[in-house]
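Colleague: My request is simple: use the sequences and hints to build the entire structure.
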Amino acid sequence: MPENFEPKILAFFCNWCTYTAADLAGVSRMKYEPTTRVVRVMCSGRVDPQFVLDAFAHGADGVLIGGCHPGDCHYVEGNYKLLRRFRMLRRLVASLGIEPERLRMEWISASEGERLQKVVNEMTAQIKLLGPLELPERFREWDTELHEETFDKEREVVASGQ
Amino acid sequence: MGNKPKIAFYWCSSCGGCEESLVDMAEAIVELSTQIEIVLWPVAADFKKKDIEAMADGEIVATMLNGAIRTSEQEEMARLLRRKSQILIAYGSCAYTGGIPGLSNQFPREQLLKYVYHDAPSVVNPEGQDPQTEFHDAGRVATLPIFSEVVRSLDQVVDVDYYIPGCAPNPELVLDAIHALLSGNLPSKGTVLAPDIALCEHCPRLKTKPADIAIDEFKRPHQHLIDPNVCMLVQGFACLGPATRSGCGGACLKANMPCTGCFGPMSNVRDQGAKALCALASIVAGTTNEEIDSALDGIPDPVGTFYRYGLAKSMLRRKVNMEPTLSK
Ligand code: SF4
Ligand code: FES
Chain B
1153 MPENFEPKIL AFFCNWCTYT AADLAGVSRM KYEPTTRVVR VMCSGRVDPQ FVLDAFAHGA
1213 DGVLIGGCHP GDCHYVEGNY KLLRRFRMLR RLVASLGIEP ERLRMEWISA SEGERLQKVV
1273 NEMTAQIKLL GPLELPERFR EWDTELHEET FDKEREVVAS GQ
Chain V
202 MGNKPKIAFY WCSSCGGCEE SLVDMAEAIV ELSTQIEIVL WPVAADFKKK DIEAMADGEI
262 VATMLNGAIR TSEQEEMARL LRRKSQILIA YGSCAYTGGI PGLSNQFPRE QLLKYVYHDA
322 PSVVNPEGQD PQTEFHDAGR VATLPIFSEV VRSLDQVVDV DYYIPGCAPN PELVLDAIHA
382 LLSGNLPSKG TVLAPDIALC EHCPRLKTKP ADIAIDEFKR PHQHLIDPNV CMLVQGFACL
442 GPATRSGCGG ACLKANMPCT GCFGPMSNVR DQGAKALCAL ASIVAGTTNE EIDSALDGIP
502 DPVGTFYRYG LAKSMLRRKV NMEPTLSK
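Heads up: the sequence lines are chains B and V, in that order. Using the numbering used here, you'd call the opening residue of the first sequence number 1153 and step up by one each time. Using the numbering used here, you'd call the opening residue of the second sequence number 202 and step up by one each time.
These are calculated hints, taken from the structure and not from any lab test. Only a predicted model underlies this, so the values are computations on that prediction, with no experimental measurement involved. Take these hints with a grain of salt, some might be off.
Some chain V residues close to chain B (C-beta under 7 Å, calculated; not the full set) [to be verified]: (1) Glu276; (2) Ser349; (3) Glu350; (4) Val351; (5) Arg471; (6) Asp472; (7) Leu517; (8) Val521.
Each computed DMTMM-like pair below joins lysine to aspartate or glutamate, with the alpha-carbon atoms no more than 25 Å apart [claimed, not checked]: (9) V:Lys520 with B:Glu1251; (10) V:Lys249 with B:Glu1300; (11) V:Lys520 with B:Glu1297; (12) V:Lys250 with B:Glu1300; (13) B:Lys1160 with B:Glu1266; (14) V:Lys207 with V:Glu277; (15) V:Lys315 with B:Glu1293; (16) V:Lys520 with B:Glu1286; (17) V:Lys520 with B:Asp1200; (18) V:Lys205 with V:Asp247; (19) V:Lys455 with V:Glu373.
A few chain B residues that don't get close to chain V, going by computed Cβ distances all over 12 Å [unchecked claim]: (20) Glu1155; (21) Asn1167; (22) Trp1168; (23) Leu1176; (24) Val1179; (25) Arg1189; (26) Val1190; (27) Arg1192; (28) Asn1273; (29) Gln1278.
Ideal placement from N, C-alpha and C gives every residue a C-beta, glycine not left out.
Modeller: Structure (structure tokens):
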């Protein structure tokens, strides 16, 4: 593993709870690991499993999804929908060789800035132990067995987008 | 014969079902043969690779290639046919998204070879021989193609113009495609030549599918009696109809089996398995990990369920933590 490995964690935070918690952590000047790139979504139920796989395929070492506590979702049960997908998706990525710890889901309400700080720090430490995932690099290595350049447009984007 | 449009059919890593689907066109293919000139069709006609090599680039109007790309020979043929064809069509699930052969992207190459040549119960190999890419005997050399680490869809190797989905495609879709080719009435490049709508919308059981379903147990089709008139999901069978493109005529549902997704996703989906997982997991009953997990236990093999035909073309492409041992 590279010496100074800084994990890249793509975070999907629900607008009404976890994103506000991140805001609170910010204005309260709480320090936490600078490892997350946050995408604000209107509800954790908006997180499509495709987003998660796409993040890994583009070089994320971990994906963190934050939503409102059960019962608090502004769209009533978006977070339950996410929870169900998440339980299945964890099994799926594990069978495809991605450690399930790289995918995490947390309920963090708007007032829980400290919890956000703790979750990000914890997850960063965990991924540091696991090491980098480096899927774009692996894709390129797999394709060295091809005999000419490939034409896969999507992978060209993956290769140049990181 | 001279002026008829030249068409080629070719096969790579496939089961033969796609060839069957061409033959299933029955009289239609006989009629077609007066309008087209078939220049390559290994299953039925004796043309050789050198016949294709002798052609000018772009001389073939269209090639329909079925099967995934697994060996160096398949890769070479795919590149050759790409060069010689104006239009290259990925024919069937394997060429389109990797298909069933793509499921072997869960295992390292060495493990597959070991099983197939040594450990499988039906193997007789007393000398423990392994296939070699080169064999020398009395000054002569016999060669075999390289068996690659990764199974690929056709468009992961060469540029593809159109896709005909299905395991195997149904004859009506193929005929429509050939007629579109002959009339020059083609949609924009990259189009999947099948309706861009979910199978559910064309399913006779749709009227029994309520807006809200809560599945508390996924059942496996071989362990239960299936009501032939009620939506599979309502009965607890993992039907991929909500996340699968229509166009198959609902063949599996007519045979009282749930859809397994061979037509691939709709055009707004980039990862078939992730979308199918999303569709099915979202309607599981329960609000706690325990309740949800117990329902999901009925899907013991998520890769085989959601990516039965789509693993090679998925965003992760294969099991990601196998260290390749490249044979080049
Ligand atoms: S889920 Fe399956 S059985 Fe139900 S309506 Fe859709 S295709 Fe038909
Ligand atoms: S609005 Fe926050 S999880 Fe739905």
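Colleague: Quick one, is the Asp472 (chain V) hint okay against chain B at 7 Å, beta carbons?
Modeller: Holds: closest Cβ of chain B sits about 5 Å from Asp472 (chain V), inside 7 Å.
Colleague: So if I understand the rule, the pair passes when the alpha-carbon distance is 25 Å or less; does Lys315 (chain V) with Glu1293 (chain B) pass?
Modeller: The hint holds at about 23 Å.
Colleague: Is the hinted pair Lys205 (chain V) and Asp247 (chain V) satisfied, with a Cα-Cα distance of at most 25 Å?
Modeller: holds, 19 Å
Colleague: Closest CB-CB distance from Leu1176 (chain B) to chain V, is it above 12 Å?
Modeller: holds, 27 Å
Colleague: The hint names Ser349 (chain V) as touching chain B; please verify it with the least Cβ-Cβ distance against 7 Å.
Modeller: holds, 5 Å
Colleague: Is the interface hint for Glu276 (chain V) satisfied, with its Cβ closer than 7 Å to some Cβ of chain B?
Modeller: holds, 6 Å
Colleague: Quick one, are Lys520 (chain V) and Asp1200 (chain B) close enough, alpha carbons at most 25 Å?
Modeller: holds, 21 Å
Colleague: Using 7 Å as the Cβ threshold, decide whether Leu517 (chain V) counts as touching chain B.
Modeller: holds, 5 Å
Colleague: Hint validation: Val521 (chain V) versus chain B, beta carbon distance must be below 7 Å. Holds or violated?
Modeller: holds, 4 Å
Colleague: Can the restraint linking Lys455 (chain V) and Glu373 (chain V) be considered satisfied, given a maximum Cα separation of 25 Å?
Modeller: holds, 17 Å
Colleague: Just to be careful, I want the Cα atoms of Lys207 (chain V) and Glu277 (chain V) compared with a cutoff of 25 Å; is the pair within it?
Modeller: holds, 20 Å
Colleague: Given the hint that Lys520 (chain V) pairs with Glu1297 (chain B), does the C-alpha gap stay at or below 25 Å?
Modeller: holds, 17 Å
Checked against the numbered hints given earlier, the structure satisfies every one of them.
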